[in-house]
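Line by line, the protein sequences give chains P and V.
Residue 1 is where the first sequence starts when you use the numbering used here, and the numbers rise one by one after that.
Residue 1 is where the second sequence starts when you use the numbering used here, and the numbers rise one by one after that.
Bear in mind the hints are in silico, worked out from the structure with no lab data behind them.
Where hints are given, some of them may not hold.
[Unchecked claim] Okay, the calculated beta carbon distance ranges per label pair: (1) P/70 to V/114: 37 to 47 Å; (2) V/124 to P/96: 34 to 44 Å; (3) P/169 to V/51: 28 to 38 Å; (4) P/244 to V/82: 46 to 56 Å.
[What the hints assert, rightly or not] The following residues of chain V were derived to be distant from chain P, with all beta-carbon distances above 12 Å: (5) 11; (6) 57; (7) 61; (8) 62; (9) 136.
Please read these numbers as outputs of a predicted model, since none were measured by experiment.
Yeah, the Cβ is synthetic: ideal placement off N, Cα and C, and Gly gets one too.
In case you want the letters, here they are:
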Amino acid sequence: MTDLIERFLAGERRALSRILTRVENGTPEGREYLRQLYPRSGRAHTIGVTGGAGSGKSSLTGSLAAELRRRGHEVGVIAVDPSSPFTQGAILGDRIRMQDLVLDPGVFVRSMASRGALGGLAPTIDDVVAVMDAFGFPYVFIETVGAGQDEVEIAGTALTTVLVNNPGTGDDIQALKAGIIEIADILVVNKADRPGADVLVSQLRALLSLAPSEGRDVPILSTVATTGDGVPELVDAIDEHRAWLDSSGELDKHRRQEARHQVLSVAQRILLERVRRETSEDALAELVAQVAGRGLDPHTAAEQLVEQGELV
Amino acid sequence: MTASPETTAGQKIRVLIAKPGLDGHDRGAKIVARALRDGGCEVIYTGIRQTPQMIAEAALQEDVDVVGLSILSGAHLELFPRIVEELRSRGLDDVLLFCGGIIPEEDTDALEAMGFSAIFRPGTNTRDIVSFVYDNASSE
């Protein structure tokens, strides 16, 4: 274990990769690696890239990483794709859009499966991000699964959230709904060479003009990820958001909120694991059968489950 | 991070499916990727026209347990040794290797000597590929 940590600290990518696997799996060994490396994290600018399936998140992440490399920065990328709810298997295909970066020693791309997590990320995403951060990448991108309307977890995990939209994917009522659009620090209209891009930009602008201002205007940028058009401007906007976080005091607020969220969600997981460990499959099956037969409501059943586990 | 009550934590077998060389027919590779997904593996698919360095580097970054190569061009005896060399030079000498595609029977010995544990030719039942992976891969 010490050996792997030493190799990690010496900047060896193979060691990073092996530690990422253990941390992703949440094994006791993985938690020990995280414990040792966590104090070294907190330096990276973490950037979430979210948006609908096929909106160009992977291509845009690849283009952003390439632009940052041109500016002399190293980049880590974590790309999440969905796990099958039935077999728990997954096809992780985000690398296909990042081919130009594969042999660049200043870029490290890691694919993750969502493994049953809701919200567009993966159960141990925050831990994996912390390890990438601790390795020393000044920029770490987190690409979510194709997000619809309510996958907002990324806003907690990343310091800057980029929401990718496309022309021709719905009328302005879609954008009026609550949810994902509210978490965007930067709005991007990608595939901006397609018809309707200008209309979408003005719809988004109109929408933002109604939102309560938080001391900062959310910029709207047009990009064509496959050609790189608009990408340098998007990198500038990402850097400007980070500068605003630093100067406004929002950075500390974000870090405290996220730390609180992580501590509570891990506590929730530990309690659930304890309930599962302390109740027999038979007892659970009995309660489940009663609820399925409408003899018992789910809340009462859950209370009984917790009490059987003698947690209360 | 909000997770459903029973997330699938713990170890999964991670497989890289790659197509080295210049032939662009990736239907077979995609079918194998899909079969392994349905078998519960996490499959990293890199797409076509991968160089030996790209395949080995992806295997390193993704920390895969298994690498599966699909080839139809006939260049396997040229490309595969270079891929194995690139994997070893990165310290990835414990990865399970298999390959598939148009590979003549007479090349079997050479590929086994290189470290390939299985060769799947046209007509293979995908269930055999999934079983092979589960029987031989060690996830961590």
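Right, here's what the structure says about each hint:
no.: 1; hint: P/70 to V/114: 37 to 47 Å; in the structure: holds, 39 Å
no.: 2; hint: V/124 to P/96: 34 to 44 Å; in the structure: violated, 24 Å
no.: 3; hint: P/169 to V/51: 28 to 38 Å; in the structure: holds, 36 Å
no.: 4; hint: P/244 to V/82: 46 to 56 Å; in the structure: holds, 49 Å
no.: 5; hint: 11; in the structure: violated, 5 Å
no.: 6; hint: 57; in the structure: violated, 5 Å
no.: 7; hint: 61; in the structure: violated, 6 Å
no.: 8; hint: 62; in the structure: violated, 6 Å
no.: 9; hint: 136; in the structure: holds, 17 Å
Checked against the numbered hints above, the structure breaks hints 2, 5, 6, 7, 8 and satisfies the rest.
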